[in-house]
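On the provided structure of chain A, position chain B as indicated by the hints.
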Amino acid sequence: MERFNICIIGGGPAGLRAAIAAGSAGAGVLLIDENDRLGGQLIKQTHMFFGSEKQDAGTRGIDIAEQLVNKVQGMTNVKVYLRCAALGLYDDKVLTVLHETKYRKIRAEKFIVATGASERMLAFPGNDLPGVYGAGAVQTLMNVYGIVPGQRVLMIGAGNIGLIVSYQLLQAGVEVVAILEGSPYIGGYLVHASKVRRAGVPILTSHTIMQAIGTNAVQAAEICALDSHWARLPGSEKTLEVDTICLAVGLSPLSDLLWQAQCRLTYIAELGGHVAWRDANLCTSEPHIYIAGDVAGVEEASSAMVEGELAGLAAAKSLGLARVDVDTAMSQAREQLIALRAGPVGEKIRTGLALAQMREDEQHA
Amino acid sequence: MRIKEHPILKFERGKTIRFSYNGQELVGYEGETIAAALHAAGIKELSKSAVLHRPRGFFCAIGTCSSCLMVVDGVPNVRVCVERLVEGMVVETQQGRGELGGAV
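So the protein sequences, as listed, match chains A and B. Numbering (this note's numbering) for the first sequence: 1 to 365. Numbering (this note's numbering) for the second sequence: 1001 to 1104.
The set of hints was computed from the structure by calculation and includes no laboratory data. Being a predicted model, the structure only gives us computed values, none of them experimental. Built from N, CA and C at the ideal position, the CB exists for glycine as well. Errors might be hidden in some of the hints.
[Unchecked claim] Across the chosen pairs, the derived CB separations fall in these ranges:
{"id": "1", "chain 1": "A", "residue 1": "Arg359", "chain 2": "B", "residue 2": "Arg1013", "range": "54 to 60 angstroms"}
{"id": "2", "chain 1": "A", "residue 1": "Arg152", "chain 2": "B", "residue 2": "Val1075", "range": "31 to 37 angstroms"}
{"id": "3", "chain 1": "B", "residue 1": "Val1027", "chain 2": "A", "residue 2": "Met358", "range": "54 to 60 angstroms"}
Chain B extracted, bound-state conformation:
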């Protein structure tokens, strides 16, 4: 959920950015990370763990903990807590380790 009023901070949202999440069309703002935009839409589950397929969200928000890896535009293991949203991005829940394609 987005904060509307805050005693100290003003959030100037940039222009809106459309992207898809598991086939569903969502809207975020320029400058946001993928994880932030998904959270604003109430989506906390980002991937399934490699062995037990347990749901995973994000933990550190600094690109260190590897909990938030998703498939973005077909590329697996993208750290969505630090990757900025881009118009038309295709974001998908990552199942386990993910496969690297040919050229990356």
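Extracted from the complex, chain A is given alone in its bound form:
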């Protein structure tokens, strides 16, 4: 059985930064990812990030991924296993994995779970037809493989993902017929909404999809307006001819491994679903398991990266493997998180995180 100080599960923005932080503290690190490349969902993000310079603002996600991956690969004390899926995480600090076609066990003193999130479904007749995609899936298809999903797209959801992917569809030469948003308000940033509106895409708030129509694939979508109680406005039904329906209705944390490891989880709508209780260092109710990124609560990639750094530093410190500047680095990371979650945009996250935080008397020593 191979042994490491710290094993990180998931090589997206949070996991990469956790590996760099733990590695820089001198820990022997293993980073595993089930895919055949690192970078997670950063590899399809062609838009520039917001925030301050520290959080890579003005840089595109694809370039951030490359920088982080290069850094990880340059660290001799960080080992990477690709095509390596975590199967079970046990309280004797053993992780079982399927590495390519081999079942193996890995022992580590601390684990950082950075498994991310998956896209949510929306219930409507015909939602299983080919041509109904998660918005992130369309982003992968376009931005990683250079393939468009169809010619006429209906986007459901005007949060940041719905707005950004709509704009990227336009960049790829695809027509976006409309963006529907169930609530009366656009959830995403105004800067993204303005971009798609300028390109002539209508954003219909208080609208939803009633059904997807088609025999072997999507051929049309029936939509309607909603009243202030989210009930269908009679007479508002309309049929749009589209070959693609994109769902951008939020993400849910991929917390399966945390359930299995018997971490204490709780449902927090503001964070996207079931998330683990955590202390100020992102350590869960199981003292050997830390969390970082979307699995700890669905947010932006910028905060996922800072959480990764914080968890990486904290896990290393708990093993006595601290850089001289560890306390400064950790408090800087905490300050960055506060800044990223500031203002009205971060209100939902702040509310959710307050509910997921262990009280002081519940925290680990």
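For chain B alone, coordinates are given in the frame of chain A:
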């Protein structure tokens, strides 16, 4: 359909890879997933659902949702949204649950 021009991205296609889909010869590029290559060829229906035999395409593209399971080289339940294309692969529409053979 493949994107030919893009304001930000350049798509450097690797070498071409031949594979078969339900007996039909198709061409994709090295580094692509099976689902991507099929989409480029305009094929969206990947499997039939287990009970009602409804057509299924891919949904999540991260290997999580189980909507894209196909039979690849005789092995069922392959997540084609994350499985890379390999020269000579035999890809078939999966009908329902699929049967595991002997040694896998």
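Given a hint of 54 to 60 angstroms, does the C-beta separation of valine 1027 (chain B) and methionine 358 (chain A) actually sit inside it?
With Cβ atoms ~55 angstroms apart, the hint holds.
Tell me if the beta carbons of arginine 359 (chain A) and arginine 1013 (chain B) are separated by a distance inside 54 to 60 angstroms.
55 angstroms, holds
CB of arginine 152 (chain A) to CB of valine 1075 (chain B), is that within 31 to 37 angstroms?
36 angstroms, holds
Going down the numbered hints, you'll see the structure goes against none, and every one checks out.
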